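Based on the hints, put chains B and C in the right spot on chain A.
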Amino acid sequence: MRRINVAIGLTALDAKDIEKVAHLARLGLSGPEREAYAQELSRILDLVSQMNAVATDGVEPMTHPDAAGLRLRSDAVADEIDRERLLAVAPQTRDGLYLVPRVIE
Amino acid sequence: MEWETVIGLEVHAQLKTRSKIFSASPTAYGAAPNTQANVVDAAFPGVLPVLNGEVVRMAARFGLAIGATVHTRSVFARKNYFYPDLPKGYQISQYEHPIVERGRLVITTPAGEKTIGITRAHLEEDAGKSLHEDMDGFTGIDLNRAGTPLLEIVSEPDMRSATEAVAYLKTLHTLVRYLDICDGNMQEGSFRCDANVSVRPFGQARFGTRAELKNINSFRFVERAIDYEVRRQIALLSAGGQVRQETRLYDSARDETRSMRSKEEANDYRYFPDPDLPALVLTEAFLAEVKDAMPELPDAKRRRLGAEYGLSAYDAGVLTASRELAQYYEDAVAAAGVDPKLVANWVTGELAARLNEDGLDITNSRVMAPALAGLLRRIADGTVSGKAAKDVFEAMWAGEGDADAVIAARGLRQISDDFAIEEVVRQVIAANPKQLAQYRSGEEKVFTFFVGQTMKASRGKANPAKVNEILKRLLAP
Amino acid sequence: MTLTITKIAENLAAGRCSSRELVDDVLARIKTHAVLNAFITLDEEAARRHAEAADRARRAGGAGILAGVPIAHKDIFCTAGVKTTCASRMLADFVPPYDATVVRKMKAAGCIMVGKTNMDEFAMGSSNETSHFGPVRNPWDRDRVPGGSSGGSAAAVAGRLVPAATGTDTGGSIRQPAALCGITGLKPSYGRVSRYGLVAFASSLDQAGPMAQTAEDCAHLLAAMAGFDEHDATSLDVPVPDYAAQLGGDLKGLRIGVVAEHFADGVEPKVAEALREALREYERQGARLVDVSLPNSAHAVPCYYVLAPAEASSNLARYDGVRYGFRAPEYQDIEDMYKKTRSQGFGPEVKRRIMVGTYALSAGYYDAYYVKALRLRRLIADDFARAFERCDILAGPVSPSTAFPLGAKNTDPVSMYLNDIFTIPINLAGLPALSLPAGFAGGLPVGLQLVGRYLDEARLLNAAHRFQQATDWHTRVPAGF
Chain A
1 MRRINVAIGL
11 TALDAKDIEK
21 VAHLARLGLS
31 GPEREAYAQE
41 LSRILDLVSQ
51 MNAVATDGVE
61 PMTHPDAAGL
71 RLRSDAVADE
81 IDRERLLAVA
91 PQTRDGLYLV
101 PRVIE
Chain B
1 MEWETVIGLE
11 VHAQLKTRSK
21 IFSASPTAYG
31 AAPNTQANVV
41 DAAFPGVLPV
51 LNGEVVRMAA
61 RFGLAIGATV
71 HTRSVFARKN
81 YFYPDLPKGY
91 QISQYEHPIV
101 ERGRLVITTP
111 AGEKTIGITR
121 AHLEEDAGKS
131 LHEDMDGFTG
141 IDLNRAGTPL
151 LEIVSEPDMR
161 SATEAVAYLK
171 TLHTLVRYLD
181 ICDGNMQEGS
191 FRCDANVSVR
201 PFGQARFGTR
211 AELKNINSFR
221 FVERAIDYEV
231 RRQIALLSAG
241 GQVRQETRLY
251 DSARDETRSM
261 RSKEEANDYR
271 YFPDPDLPAL
281 VLTEAFLAEV
291 KDAMPELPDA
301 KRRRLGAEYG
311 LSAYDAGVLT
321 ASRELAQYYE
331 DAVAAAGVDP
341 KLVANWVTGE
351 LAARLNEDGL
361 DITNSRVMAP
371 ALAGLLRRIA
381 DGTVSGKAAK
391 DVFEAMWAGE
401 GDADAVIAAR
411 GLRQISDDFA
421 IEEVVRQVIA
431 ANPKQLAQYR
441 SGEEKVFTFF
451 VGQTMKASRG
461 KANPAKVNEI
471 LKRLLAP
Chain C
1 MTLTITKIAE
11 NLAAGRCSSR
21 ELVDDVLARI
31 KTHAVLNAFI
41 TLDEEAARRH
51 AEAADRARRA
61 GGAGILAGVP
71 IAHKDIFCTA
81 GVKTTCASRM
91 LADFVPPYDA
101 TVVRKMKAAG
111 CIMVGKTNMD
121 EFAMGSSNET
131 SHFGPVRNPW
141 DRDRVPGGSS
151 GGSAAAVAGR
161 LVPAATGTDT
171 GGSIRQPAAL
181 CGITGLKPSY
191 GRVSRYGLVA
201 FASSLDQAGP
211 MAQTAEDCAH
221 LLAAMAGFDE
231 HDATSLDVPV
241 PDYAAQLGGD
251 LKGLRIGVVA
261 EHFADGVEPK
271 VAEALREALR
281 EYERQGARLV
291 DVSLPNSAHA
301 VPCYYVLAPA
311 EASSNLARYD
321 GVRYGFRAPE
331 YQDIEDMYKK
341 TRSQGFGPEV
351 KRRIMVGTYA
361 LSAGYYDAYY
371 VKALRLRRLI
381 ADDFARAFER
391 CDILAGPVSP
401 STAFPLGAKN
411 TDPVSMYLND
421 IFTIPINLAG
431 LPALSLPAGF
441 AGGLPVGLQL
451 VGRYLDEARL
461 LNAAHRFQQA
471 TDWHTRVPAG
481 F
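Just so you know, the sequences run in chain order A, B and C. For the first sequence, this note's numbering begins at 1 and goes up steadily by one. For the second sequence, this note's numbering begins at 1 and goes up steadily by one. For the third sequence, this note's numbering begins at 1 and goes up steadily by one.
In isolation and in its complexed conformation, chain A is listed as follows (with noise of 0.2 Å):
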């Protein structure tokens, strides 16, 4: 096995980056959650920078197993349909409808 090195510090996140990765993720991060993010993902980031060491020019991107093929369904309704069952779950709800806070729009 090839040892990984972990090198530190080359990609460097500062809270800055994090708060936009976090806002993008919808993560509410306190101050101290920031800086420690920053740290553990510039470290990630370090690892996964490692893959730079492999040429990968013109190689075909592999999104899934290739003997994955997609099937389709053909266009028929299927009876599973529950209101109750579906909106039993939900933390709010009223008159049949999820209720969230007011979206301004």
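Just so you know, these hints were derived from the structure itself, not from any lab. Model, not experiment: these values are computed from the prediction. Just to be clear, a hint being listed does not mean it is correct.
List of simulated lysine-lysine pairs, DSS-like, C-alpha gap at most 27 Å [unchecked claim]:
hint : chain 1 : residue 1 : chain 2 : residue 2
1    : C       : Lys-340   : A       : Lys-16
2    : C       : Lys-7     : B       : Lys-129
3    : B       : Lys-79    : C       : Lys-270
4    : A       : Lys-20    : C       : Lys-340
5    : B       : Lys-79    : A       : Lys-16
6    : B       : Lys-387   : B       : Lys-472
7    : B       : Lys-387   : B       : Lys-301
8    : B       : Lys-456   : A       : Lys-20
9    : B       : Lys-387   : B       : Lys-291
Just a few of them, taken from the derived set where beta-carbon distance is under 10 Å, the chain A residues facing chain C [what the hints assert, rightly or not]:
hint : residue
10   : Ile-44
11   : Pro-61
12   : Pro-65
13   : Leu-70
14   : Pro-91
15   : Asp-95
Even for Gly, the Cβ is constructed at its ideal location relative to N, Cα and C.
For chains B and C alone, coordinates are given in the frame of chain A:
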């Protein structure tokens, strides 16, 4: 300065399937909230999308109809963003590799024909609906629409006026209905349009900054929204200002566009190939099958109707505005066995007017093609006059029975009997010696007076052709 | 309850015990060994009821080998009416309205589910320490981890609490805990087993599989789990072989590919020695060792830690507090609701991976990270294809070490990730692989990994079965169990 308008349109056509694009839920419109959504639509943990084969067929049919490349390999991607009516936190849509690319549509405007490029058409799912009215400070989420199949059709920025934009939309609207892939119902949102509008000084090659107009749900509003936006941009630029690239909402009540609250936080949708859906691969055999099943397209039908029935370009155009109307016309022609132009006159005239008045579609016309054909036969064989036929049609429309029944019940049968008409004509001539003298002294326009009098005396039932013929004979000195 | 499924089935068939007795015994053992923390939820009442029904059905005849056999499901499989938590606060009270296809199929085969096993939160972890419900302990040494993410299933089978359990494997989550707990676990080929109802971690890598004492038991379980499912577009529409019927063929001439480096650098010497001895056993049985090379697999961990988090960041976006699961108790507006719900509902490792994945997919980094990883994935898969031109199966370590102490690695995510170096490449390629007990190092189990060609599970299972006919590692039970 002279300004040129540049318009590109993005149309979302809801595909006419029974079930949703990735689930087996029904797609019916107007059901009670959340009664058309299952665990897949509501994105429960562990559920997976399975692509509806019919949407693929429909997209391929569209692609072939616009002369586009239908890719044998296309890819579904995830567009990631958070919104409460987007259950998975991403929308499945084709992004880098759409199923259809590089097609075109020929539109006709008063200025003539023009080809509009279609950049691409791709498959995607619709989101649910957020309801804000009467919710006491909450937003209600209805997922009935979530997962409804859409074909997003993106045009090139090839249109140069609102008129062209509307012509393009109408042509496209006709086409998708011909292809039977979309019901075209704009009120229900089955055919929605966003417009990218910009202006530039004439002669400038570079496009101006564009605004994207959303929420335009009728042909009329498309024209108005674009016109407003063009005026706004020209005024802005003329005053030394700049157009901002932004999304604007068209408000039909106030007939203006306005900037959507600039959440100009740059959206980063993080598109990537959906790992639940390997690439969609189509075989040549499948495409050949779609091609074979292709219905006659509007253009071809228009040309054929013109040639086959000797119709004017205008009539052929009107009659092929929808597949159903063309079908009605051809059914009526076949059933009547009369001059196809007479049929065309009636379908585009009386019938169209009546449908319009009652707000009906050709498919729910109160006088169906065989019934109209029955009436037209009676016109052709002289049983009723053209004028009386209009009354017969009205009665038929009101449900008083078929043409023969109405003619009999109302005594509208035309008098074609020479002797009877001659009798009336003699009486009319006798009653009008002064006009007779005028006619015989060469004032030939008095002839129409005698026609009118004769028709009046016969209460409209006299066969006008016979009246003419007999009058000419008896008035002659 | 030290019996295998095969033995249990014999006993049931012979009337030496009833399913109800088995279930009672299983439930009693789970409670006796509650300190393992192997289970999140028990479904006692239903299990007893189903066992009695299975006993009645058996008297009517026609029972299959799994009929009336108690099993456990990893708490990642949705079970209708039974809490499915994914070991997360986010789903701590979530009761799904439907069964995962695996659950449905195993039910149809007659298995009796006694409960849901503990795991790393959303299957993200290699030690079972990320569970919202606390870590699982390794039955061989309670101060050590059982491995992850299917740690509860592995510990439950190793401690003989249940004869078998299901697991899922995205980067080694069946094989690594199987190795660390001394049981047999199989990750099938991608597409072999339906993913419907399996709470998604990384969709292009996730695969469900069986965990049991023996390869023979795994063969029976896989036959029940596998097969085409119209609810999963990646499910393969190919027939399922009778795996158990294909066991027994000798291994003469079997070409076993070995990557020399996998037995040296970075692998604990005692682990490597146990594995070499296992290979000698294969040679004794007539198999031939072939040198192969998987050069790009050395970069599988970085590749995986782009792809898996990227897919996860999107898969976990649905946990927004709107339709099910946890919603933060207090919030200002919708954005605040999202952020509070997700930061309170997810644990640190899950958030870390969501962050990494979000970053890797974001504008400006997509090509450098995500697309780069997809290309590398192809190279890794191609290496396997080349290797399989020269051999029939591959053999090597599952994990570089035996079970490590609780807390030893959970402060350093990267060192934890590197632990999966031998299992991750197989998920990237989509191949089947299993882990089987192959000895001990310092009193802790060592797992041997066998990797097969695509859909060649039968050959893998037979190779493992023949090994187990000649060795007794798989029969060893930890002290106190």
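Results for each hint:
no.: 1; hint: Lys-340/C x Lys-16/A; in the structure: holds (19 Å)
no.: 2; hint: Lys-7/C x Lys-129/B; in the structure: violated (56 Å)
no.: 3; hint: Lys-79/B x Lys-270/C; in the structure: violated (48 Å)
no.: 4; hint: Lys-20/A x Lys-340/C; in the structure: holds (16 Å)
no.: 5; hint: Lys-79/B x Lys-16/A; in the structure: holds (24 Å)
no.: 6; hint: Lys-387/B x Lys-472/B; in the structure: holds (22 Å)
no.: 7; hint: Lys-387/B x Lys-301/B; in the structure: violated (31 Å)
no.: 8; hint: Lys-456/B x Lys-20/A; in the structure: violated (87 Å)
no.: 9; hint: Lys-387/B x Lys-291/B; in the structure: violated (47 Å)
no.: 10; hint: Ile-44; in the structure: holds (5 Å)
no.: 11; hint: Pro-61; in the structure: holds (3 Å)
no.: 12; hint: Pro-65; in the structure: holds (2 Å)
no.: 13; hint: Leu-70; in the structure: holds (6 Å)
no.: 14; hint: Pro-91; in the structure: holds (4 Å)
no.: 15; hint: Asp-95; in the structure: violated (16 Å)
Of the numbered hints listed earlier, those contradicted by the structure are 2, 3, 7, 8, 9 and 15.
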